[in-house]
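Novice: Here's the letter readout for the chains.
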Amino acid sequence: MLSQLLDITVITGILASMIRLATPYIYAAIGETFGQKSGVLNLGVDGVMLISAFTSYYIVLQTGNLFLAMLVTIIIGAIMGLLMALISVTLHAEQGISGIGIFLFGLGLSDLLFQKLVGTAKPITGFQDIAIPVLSKIPILGEVLFKHSLLVYGAYILIPIAWFVLNKTTFGLNIRAVGENPAAADSLGVNVALVRYKTLIIGGILSAIAGASLSIALLNVFQQNLTNGLGFIAVALVYFGAWRPFYVLLGSLIFSFVNALQVWIQVLGIPIPSDIAVMMPYVLTLLVLVISAGKTRAPTALTKPYERNE
Amino acid sequence: MKRILLIASLLILSSMSLAQFRVAAVMPSATNDLAFSQSMFDALSTIQAEMGADNFEFVFVDGTFIVDDAAAAIRDWAAEGYDLVIAHGSQYGSSLEEIAPDFPDVSFAWGTAGNTFGLDNVYAYEAASDEGGYVLGVLAAALSKSGTIGVVGPIEVGDAKLYVDGFKAGVIAQNEAAQVNVNYIGSFSDVALATEAAKTHVSAGADALTGSAQMVVGAVGVAQKAGVLWFGTQANQTELAADIVVANQVYDWTVVLKPIIANIQSGQLGGEAYTINLENKGLLIEYNDFFGVSDEVKALADAAIAGIIAGDISPLGE
Amino acid sequence: MNKKFIDSLFNAFLPIIAVLLALLIGAVILLLIGANPIQAYGALINGAFGNKHALANTIVKATPLLLVGLGIAIAFRSGVINIGGEGQMILGALSATIFGLAFPNGPAIIIVPLALIMGFIGGAFWGGIPGYLKAKFNVNEILSTIMMNAIAVQLMNFLLRGVLIDKNQMGAALIPQTPRLNRAYDLPRLVPTRLHLGAAIAIGLAILVYILLWRTSLGYRIRAVGLNAFASRYAGISIDRTFILSMMLSGAFCGLAGAIQIYGLNHRMVTDGTAVGFTGSAGFNGIVAALFGQLHPIGIIPSSFFFGALLVGAGKLQRVSQVPAALITTLNGLIVIFVVSSEIWRKRRARKRAIEQAVVKKASPDIIENEAR
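Chains as they are written, first to last, in this note's numbering: chain A, 45 to 354; chain B, 593 to 910; chain C, 17 to 389.
Warning: the hint list may mix true and false statements.
Stated by the list, open to error - Computed Cβ-Cβ distance ranges for the label pairs, DEER-style:
1. B:A834 <-> A:Q48: 31 to 37 Å
2. C:I54 <-> A:I174: 38 to 44 Å
3. A:K166 <-> C:G178: 34 to 40 Å
What the hints assert, rightly or not - Derived coverage of chain A by chain B (criterion: at least 3 residues anywhere in the stretch with Cβ under 8 Å from a Cβ of chain B; other residues may be distant):
4. 143-156
5. 174-184
Hints in this document: simulated from the structure, not taken from any laboratory. Just so you know, even glycine gets a beta-carbon here, dropped at the ideal spot from N, CA and C.
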């Protein structure tokens, strides 16, 4: 029965599924990478995703305007990032808790607004799949990579951009300096708080796009707790990737690949208990990390608020 | 004189509140989930509309997935003297078993389950969801051209498993060569995975899909986009995709609630287990008129319904 | 002395002011959705403290928060962030339940303590894995504990609908639950309410954890590694062993919380497919309680009581005002945000005091810095 998995339709299906499933993880995890690189752990990703998933869904439901929905998504993400920065940077709050607070706030508010403004789930027409000319005609690869919606493509374009910003720009240098040794960065004239505000706002915006990618591109619907803890997995994937965008991508792809695989295994009727199949992506992601254990190290100032000694 | 008037008005007021039948219900998910919780909420609303708000009052708490919190709510309502306290979730049963003996004058109902714990103030109710599942399976097999049919389920147990098993049996009864692919996503809330599972079914050649529980809302959209058929259960899901929803198995809990209420009003507080099924019309097959199933195919479904009611067909093949 | 009193008063009132501010925003939301905030908040207080049953419910709710909080405190003290409390609770509950079902007719006085110890061990096992992975393979514990939570849920579902399922069920659809444990195994009730022995066990353990952390060499090692792993290594402390041990201890307390939920309250395991259905998110709320309790075992007692009251009161609010559960979650989030944000004023005050004291002592500025932290 396992030979069924080698069928061309199945392989194509698994890989295309992987690309789609990984999309929200990539946005959210890259956003989280920016915050953590500058020294702030944000566990509130899931909450931001839920709020933006609802607002973008609601705008599309009411107006059908995807552009407007994305604009508002970005604004909401920026506001949530600003809020996290205010709490964690300016008010020096314990980062683990402030994130849980934002998560609960987002989980509750998105559901409350959904119940009061929409009622029951109604489908919308979100971002449509765009087949890229020529490329989408390539066998297998075309189906896997070049027949997705704009927000899916965006996630993969984001990776090299994030890599470039973090490693090749002054801003990226400042982010790393602030995350490793804020006191030294400060003495060199880097505004620690400002850098952290910026990274958290970037993180907020990317988390918000992650939420929108679910509600107005991949699923085209909203429901209570739509993300189902996806934001927490995204935080875990930042650690998987050890704060390096391409490795974060790799982690997202591995997790999503196994998830797609287990769905296919069940669909093909391969006799594995469903719970054990569902467990697979979590177990295998852990195993991959154990096997590839490297000498990575977290940004030194991660979770530590910075206060100038004056 | 004033005092007498006061006493008289108090008496009238109290007798009025006595006449009003008061129900409280605790549910695991939101009342707008287009599935399990909504089916109970809709039933209570229907009864209220029929009896009038003066005669029938109901309160509820939704989203109570924490069993312990449900227990607090049940005890609280019982102490406040509600006529009927409904624990709408099979996970609440153990709590109910503990609480009910402390309030012998209050009637309790819970489901989906078949066990009244031998207590005479507890009712149990469940749905023979395999019956509707069987009928929808027959319809799916009759309408499917590829002969491959996909199912998206939550966790492989309880009401959902009952429905899925019935559905599979129905498909095979109609078309022995048909292929039913089943996927349980391990959760009642993972819309993203349920949606991807639906896409996977389509890739695997399915041209008819069904699924149980509230996380299927995205899967219906997949069916719509791919132009494959959808069969709903628990609540009417036609509004999610009017083009491709063929029919729904709809739970009508009023069929259970009405006799329970009548019993309580005549002094019997519990001790019975009820089942909604095709025969008592607690389970209804509601077609989507817009989709328009041909009479020929409807006849197949009607035959299945008649067979089940007559006992000639047992969906789970016992 | 007087200043110290004002300080402690200030410290006590600060979170209360923060909660009041959060409730004020909550009141606006309540008004917007057409509920009466005064009635709602009256219900909240009444639901948490109104009578002996309410108070008992509050303590019952606080019990797992306290136990998880103790576990979290141990981990955080050694510099490990344990967000795997949910999974560890599940493993603890599974181990204790399996033990109780395996010996259905034993003497309760022996079986129940052993079952709770099994819960302790089950949690230690599940917490020990991330500890081991961190020590040996440099796998970050945030990642591994998040993954282990998801794995624990599926393991629970697999067992409860499989080998552990209660076979004596009426009705067509089987409920994914174990048989009920022997009634003789129920933890004794302390007063005629739901209040059970678990609360007393938790408070006793809080004192033990205090002794462990501040009066034993293991506790010293844990705190030393947390304060400065680098220096500890030079002092001859095995960092790896301390990580594994503290994660095991952390998981053990979460596991015990799970076991006590079973023997004190539920008396069987049942799953709705999620962790939260069983844990009530205590694995997460315990983190919040631990950090509000300043990671101090004794401090976590009042902070978990406070969150227990909030959660129980919110349930009553939901019933009385007929608002959706979502509103309660929102409110919960606001309160956490406000309380955690208010901490800065407490810290600032502590810092100011330290400076004042140092000036009196004419101490060096380095000590000021250390005392302020």
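Novice: Each hint needs a verdict: does it hold in this structure or not?
Specialist: Hint-by-hint comparison with the structure:
{"no.": "1", "hint": "B:A834 <-> A:Q48: 31 to 37 Å", "in the structure": "35 Å, holds"}
{"no.": "2", "hint": "C:I54 <-> A:I174: 38 to 44 Å", "in the structure": "54 Å, violated"}
{"no.": "3", "hint": "A:K166 <-> C:G178: 34 to 40 Å", "in the structure": "38 Å, holds"}
{"no.": "4", "hint": "143-156", "in the structure": "violated (count 1)"}
{"no.": "5", "hint": "174-184", "in the structure": "violated (count 0)"}
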